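*Asks:* Listed below, chain by chain, are the residues.
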Amino acid sequence: MKPGKSGKVSIQNALPMVFQYGKKKISDQLKAVSFIVLYLLLFQLLVLRIPIDNALYAALGIGLVVLGLAFFLEGLFLGIMPLGELCGLWLPQKTKTVLFSLFALFLGVVATLAEPAISILQTAGSSIKAWEAPLFFSILNRYSNFLVLVIALGVGIAVLLGMLRFLYSWPLRPLITLLVPLLLAYSAWAYFDPNLRHLYALAWDCGGITTGPVTVPIIVALGLGITRTTGKGTDSSMSGLGVITLASLIPVLAVLTLGVILNSSSPDPTSRERFLSKEMEKEAVKVFRNRDHYLSYAVLHQSPAETLQNQFDGDPEEFLSFLKETYTNPKILRERYPNPELFHSWITDKEIREDLNILLADFDLGFLDAPRTFQVPPGQNSINKLMLALRAIIPLAGSLILVLLLVVKKRFPLFDEILLGLVFSIAGFFLFSLGMDSGLTNLGSQTGKNLHITFSSITFPERSKTYKKFDLSVVYTAYTDTGERYEFFLIKDGDTLKEIPFYRERYNPDSGEYTHIPERGPLLGTENRLSGLAVLLTFAFFLGLAATLAEPSLQALGVTLEEVSAGTFHKGYLIHTVAIGVGIGLIFGFLRIVMDIPLLWLLAPPYLLVTVLNFFSTEEFIGIAWDSAGVTTGPVTVPLVIALGLGMGETLPGVESFGILALASVYPIAAVLISGLFINRAKSRVIKE
Amino acid sequence: MKPEKLIKVTCILSNLLSDTFRKEMENLGIPLLFVQPSRSVLLKEKRIILDYRTSTLLQEFRRDIFRFYLPKKFELPILSHLIHLLELNQPGRGSIYSEDVTLFGLPQGIFSSLKIPAEEKRKVPLLSDLVGINCIVQRGEGNILGRSVLERGISVPTLFYGRGMGLRGKLGILRVTISLEKEILFLTAQKQDSADVINFIVHNARLNHPGKGFIYMFPLRKGTMDTRIYLGRTRHLASMEQIITAIDELKQASDWRRKTIPFASPRNRRKRYLKSLLNYTLLGNEGETEPYVKMAMDAGAGGATLSRLQCLGKFSAESTSRSAAKEMSTLVLNRETSNIFQEKLENSDFFQEGVAGILEVSEVDLASTYLPS
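Protein chains in written order, with the numbering used here: chain A, 1 to 689; chain B, 690 to 1062.
Read the hints as simulated data drawn from the structure, not as lab findings. Hints are not guaranteed to be accurate.
DSSO-like cross-link-like pairs, simulated, lysine-lysine; straight-line CA separation at most 30 Å [to be verified]:
{"#": "1", "chain 1": "A", "residue 1": "683", "chain 2": "B", "residue 2": "735"}
{"#": "2", "chain 1": "A", "residue 1": "324", "chain 2": "A", "residue 2": "278"}
{"#": "3", "chain 1": "B", "residue 1": "762", "chain 2": "B", "residue 2": "880"}
{"#": "4", "chain 1": "A", "residue 1": "449", "chain 2": "A", "residue 2": "385"}
{"#": "5", "chain 1": "A", "residue 1": "385", "chain 2": "A", "residue 2": "331"}
{"#": "6", "chain 1": "A", "residue 1": "286", "chain 2": "A", "residue 2": "129"}
{"#": "7", "chain 1": "B", "residue 1": "733", "chain 2": "A", "residue 2": "683"}
{"#": "8", "chain 1": "B", "residue 1": "810", "chain 2": "B", "residue 2": "940"}
{"#": "9", "chain 1": "A", "residue 1": "25", "chain 2": "B", "residue 2": "901"}
{"#": "10", "chain 1": "B", "residue 1": "940", "chain 2": "B", "residue 2": "762"}
{"#": "11", "chain 1": "B", "residue 1": "983", "chain 2": "A", "residue 2": "409"}
{"#": "12", "chain 1": "B", "residue 1": "697", "chain 2": "B", "residue 2": "983"}
{"#": "13", "chain 1": "B", "residue 1": "911", "chain 2": "B", "residue 2": "812"}
{"#": "14", "chain 1": "A", "residue 1": "683", "chain 2": "B", "residue 2": "911"}
{"#": "15", "chain 1": "B", "residue 1": "733", "chain 2": "A", "residue 2": "571"}
{"#": "16", "chain 1": "B", "residue 1": "762", "chain 2": "B", "residue 2": "911"}
{"#": "17", "chain 1": "B", "residue 1": "712", "chain 2": "B", "residue 2": "810"}
{"#": "18", "chain 1": "A", "residue 1": "683", "chain 2": "B", "residue 2": "712"}
{"#": "19", "chain 1": "B", "residue 1": "901", "chain 2": "A", "residue 2": "23"}
{"#": "20", "chain 1": "B", "residue 1": "983", "chain 2": "B", "residue 2": "1033"}
{"#": "21", "chain 1": "A", "residue 1": "94", "chain 2": "B", "residue 2": "911"}
{"#": "22", "chain 1": "B", "residue 1": "735", "chain 2": "A", "residue 2": "571"}
{"#": "23", "chain 1": "B", "residue 1": "697", "chain 2": "A", "residue 2": "683"}
{"#": "24", "chain 1": "A", "residue 1": "410", "chain 2": "B", "residue 2": "983"}
{"#": "25", "chain 1": "A", "residue 1": "24", "chain 2": "B", "residue 2": "901"}
{"#": "26", "chain 1": "B", "residue 1": "940", "chain 2": "A", "residue 2": "571"}
{"#": "27", "chain 1": "A", "residue 1": "94", "chain 2": "A", "residue 2": "410"}
{"#": "28", "chain 1": "B", "residue 1": "983", "chain 2": "A", "residue 2": "94"}
{"#": "29", "chain 1": "B", "residue 1": "1033", "chain 2": "A", "residue 2": "410"}
{"#": "30", "chain 1": "B", "residue 1": "1033", "chain 2": "A", "residue 2": "409"}
{"#": "31", "chain 1": "B", "residue 1": "804", "chain 2": "B", "residue 2": "691"}
{"#": "32", "chain 1": "B", "residue 1": "901", "chain 2": "A", "residue 2": "31"}
Some chain A residues well away from chain B (every beta-carbon gap over 10 Å; in silico) [claimed, not checked]:
{"#": "33", "residue": "21"}
{"#": "34", "residue": "537"}
{"#": "35", "residue": "591"}
{"#": "36", "residue": "598"}
{"#": "37", "residue": "678"}
{"#": "38", "residue": "684"}
Note that this is a predicted model, so its numbers are computed, not measured. Beta carbons: idealized from backbone N, C-alpha and C, even for Gly.
Between the sequences and the hints, there should be enough to build the whole structure, so can you do that?
*Replies:* Printed below as a string of structure tokens:
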């Protein structure tokens, strides 16, 4: 054999290589994401038959999501996971167990603080009113920093326990058997306290959200690295798992405990009027970040007259200056309303405007006529997303690199690949978050708002049309099956005649105008609400399925498992099994929203089932099942589910959208465990025959 | 550095038997035990439409590959003992075989606590006419090749993952654009059929095309063969595999089942094999062997394959500074130029504590790959 030629590759030769490489990675992600995109599009267009708003914007967003995922995943495999593995390989050898445990704790805390889960929780929690669940509200607002710290501590303890488990070969099954019933019992107790009732749903959702797309690969890789050095235990190659499980369960405990601690200092649930009344002000303010936040909230949730009386002591000048400041000063606006759109839509509402005109008649309200854009300038949004990406990755990766350099003092193998991987991850995360907002989440919330058309009717006030000089003589009357009168008239739309229903109350005799607001009835007709519900739940199932197929952390876990099992455990098999589990979980989640079933009734049975299934499964599969469930509620599924839940919650008032993620996290466990039982049966058949 | 001539035993086991095996290794006092995850593939009969039709699927099973070293006098007793204990003469449980190797870098006196097990009463079916074949292909192609091997009735292939090391030094950061993931397919064959088997695989996997892979054959001393190629319904009181195993045991050889594999394509009659080669395996702490592989490449190796494995065993457990995470880089070198490499390696820090390296050298009968004409 001749010695190989060495030398630099020219740009000419390099470009096709880079192109081929990029093409493969992007097409893989395109395949993964295409399901969910096509599904949402087709469902909205064909089943709901409602056109997509801002289609081009959405399409661009989706393109960014695909690109972002491709970069991010590649970055995971090149940089982030090798870093985690190196830590797992070298640290236990070089440091004492105590130091290593502290490092594990630190890692868990940093990982949680780095990933922006709290804003997701706040968005999801926005449907709960402050007076319905003051404790819940205060935890998400006033004590939000505490919440994050408590969750971070929970994850830190989980990582610590997980790493110790590897070093001392503790089995996973007893840990789960201990934790799950404890958590369920704790939740049941919380359910019976009116203030804690909403909190336990938040706690379980926190568990699902915490392990994000950067944390998971690092922890899995770290665990793998450690188990390779110990070489102990049965199926030791598989037992690098289990930390994610703990990181999904222990934070539930932490949040519930936080709730219990804060319960005594929190006001009890009460009515809206009482909560926002002047007498309650001192108590009520405790629930908000500060008095300003309290005022801002009150403004949106009362009539202007009530606000003037309760919060501003009947002083119109103070009230006016509050409104004027908020409207004209973008900085103040953003502080008071992190989502400025809420204030904007309130203050431009016709009825509110009329009320304000009456109440503040002595003052000049001209400033309200000045057009104001409440949109974030495009550059600002991108910068925010970039900061998010940097924040998600640099602290974690940086800590790992620092620790490795300080403690191990060895030359880094493949350092250039690791750096490239980090750059890819940051770029990928940035592009992905940018694209999610305008792409998938946008689609998702549109579908969510329109979703309840499956079993009820919705109106489209934004598409209303006013017919001036309306002549009543064009109105026809027909009789329905039940003998009622149905009035309608015809309009010529292009070449066809369209029928528009006529409602007396929408005709204004003084101005001679008729306002038509398009309405779409229940999808399968008013007699078939149950079938409509079935359509909704089927939608939920396939949504969960399709969204899971795109999850990056699940793909990373699948590849790792395939590698470690020398190919016997296929990545596709894991992803599909988990996807089915998530689909089933979403069915129950949506059922919960529509029928307002308490979360505990839907959560306890599956968790008890899987705890029992543990006893029939091998340690290997327990680790895989529980970890993949913790992994699955990631950056694709979570925003979608929350957007859909919120969208539906808007149209079904008084219902909370919490708990769907918790449900979506438990059924995959059952799916993987059950399929594991079949696999193990087939395996042992070979050597027994 | 003083070379030690030893026997290397490789045992490929269903992972359900791994625990039993590990415990036995501890009992016997085996100092160094290397383990690597792998899979075997079998043909499985699947009945469709209520038994009307059957199709054959490829089924994968998890296997663990154990490797350890022994002085020659322990070879037969330990092999027999393990075959009896694990019932390796039964189809579907795994296989075991031994090779001659020369080792450098083994710590002194590590075999002192090795125990000779009691002699087994029953004779074991140890075949002496086997060869080992290693075939390195691109990842994803292992199953395809494995299936054709099974359908030819050659033997049960075992597959594991590795990474190609050849391109690393040459491309710089651009190496990330090329997938270096490989699959290594290992199988045993009867000596008499070996040439035909090599030809068959070269033709089937198109190894004579650039970038498709590499195959080499090496001699085995003794071993068993797993005869369970096919998983399906048995219509008789004994399965074909049981009959084959029984006859192998009676005859203590497998030449009675020699096949002439008809070979169609005239193209490959030109047998361009590489000969006069040695197989070098560098075992060291994970992440440490790459610089030494580069040395080998400079000495003329066409490429190397890196696989990760774990090192267990009494000796490993007692030394706390060693971690169980190891890697194995396998490469093939020309006999003439190999001395240069060996010298360089001995003068480097490969055998020092940082790498904790062990060098294993063994014979290669022949090899084949794409050779530019």
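*Asks:* Next step is simple, just say for each hint if it's right about the structure.
*Replies:* Status of the hints after comparison with the structure:
1. A:683 <-> B:735: holds, 16 Å
2. A:324 <-> A:278: holds, 23 Å
3. B:762 <-> B:880: holds, 25 Å
4. A:449 <-> A:385: holds, 26 Å
5. A:385 <-> A:331: Distance of about 19 Å is within 30 Å: holds.
6. A:286 <-> A:129: Distance of about 15 Å is within 30 Å: holds.
7. B:733 <-> A:683: It holds: about 12 Å lies between the C-alpha atoms, which stays within 30 Å.
8. B:810 <-> B:940: Satisfied, since the Cα-Cα distance of roughly 18 Å is no more than 30 Å.
9. A:25 <-> B:901: holds, 22 Å
10. B:940 <-> B:762: holds, 24 Å
11. B:983 <-> A:409: holds, 23 Å
12. B:697 <-> B:983: holds, 25 Å
13. B:911 <-> B:812: holds, 14 Å
14. A:683 <-> B:911: The given pair, whose Cα atoms are some 28 Å apart, holds under the 30 Å limit.
15. B:733 <-> A:571: The given pair, whose Cα atoms are some 21 Å apart, holds under the 30 Å limit.
16. B:762 <-> B:911: Judged against 30 Å, a Cα distance of about 14 Å means the pair holds.
17. B:712 <-> B:810: holds, 22 Å
18. A:683 <-> B:712: With Cα atoms ~22 Å apart, residue 683 (chain A) and residue 712 (chain B) stay inside 30 Å; holds.
19. B:901 <-> A:23: Distance ~22 Å between residue 901 (chain B) and residue 23 (chain A) Cα, so the pair holds.
20. B:983 <-> B:1033: holds, 11 Å
21. A:94 <-> B:911: The given pair, whose Cα atoms are some 42 Å apart, is violated under the 30 Å limit.
22. B:735 <-> A:571: Holds. Residue 735 (chain B) to residue 571 (chain A) sits at ~23 Å (cutoff 30 Å).
23. B:697 <-> A:683: holds, 29 Å
24. A:410 <-> B:983: Satisfied, since the Cα-Cα distance of roughly 19 Å is no more than 30 Å.
25. A:24 <-> B:901: Between residue 24 (chain A) and residue 901 (chain B) the Cα gap is close to 19 Å, so the pair holds against 30 Å.
26. B:940 <-> A:571: Violated: residue 940 (chain B) and residue 571 (chain A) sit about 45 Å apart, past 30 Å.
27. A:94 <-> A:410: At roughly 11 Å apart (the allowed maximum being 30 Å), residue 410 (chain A) and residue 94 (chain A) satisfy the hint.
28. B:983 <-> A:94: Between residue 983 (chain B) and residue 94 (chain A) the Cα gap is close to 27 Å, so the pair holds against 30 Å.
29. B:1033 <-> A:410: Distance ~23 Å between residue 1033 (chain B) and residue 410 (chain A) Cα, so the pair holds.
30. B:1033 <-> A:409: holds, 26 Å
31. B:804 <-> B:691: holds, 24 Å
32. B:901 <-> A:31: At roughly 27 Å apart (the allowed maximum being 30 Å), residue 31 (chain A) and residue 901 (chain B) satisfy the hint.
33. 21: The assertion about residue 21 (chain A) is violated, with a minimum of 4 Å to chain B.
34. 537: holds, 33 Å
35. 591: holds, 37 Å
36. 598: Residue 598 (chain A) is indeed farther than 10 Å from all Cβ atoms of chain B, at 43 Å.
37. 678: With a cut-off of 10 Å, residue 678 (chain A) remains clear of chain B, as the shortest Cβ separation is near 13 Å.
38. 684: Given that some Cβ of chain B is not farther than 10 Å from that of residue 684 (chain A), nearest at about 6 Å, it is violated.
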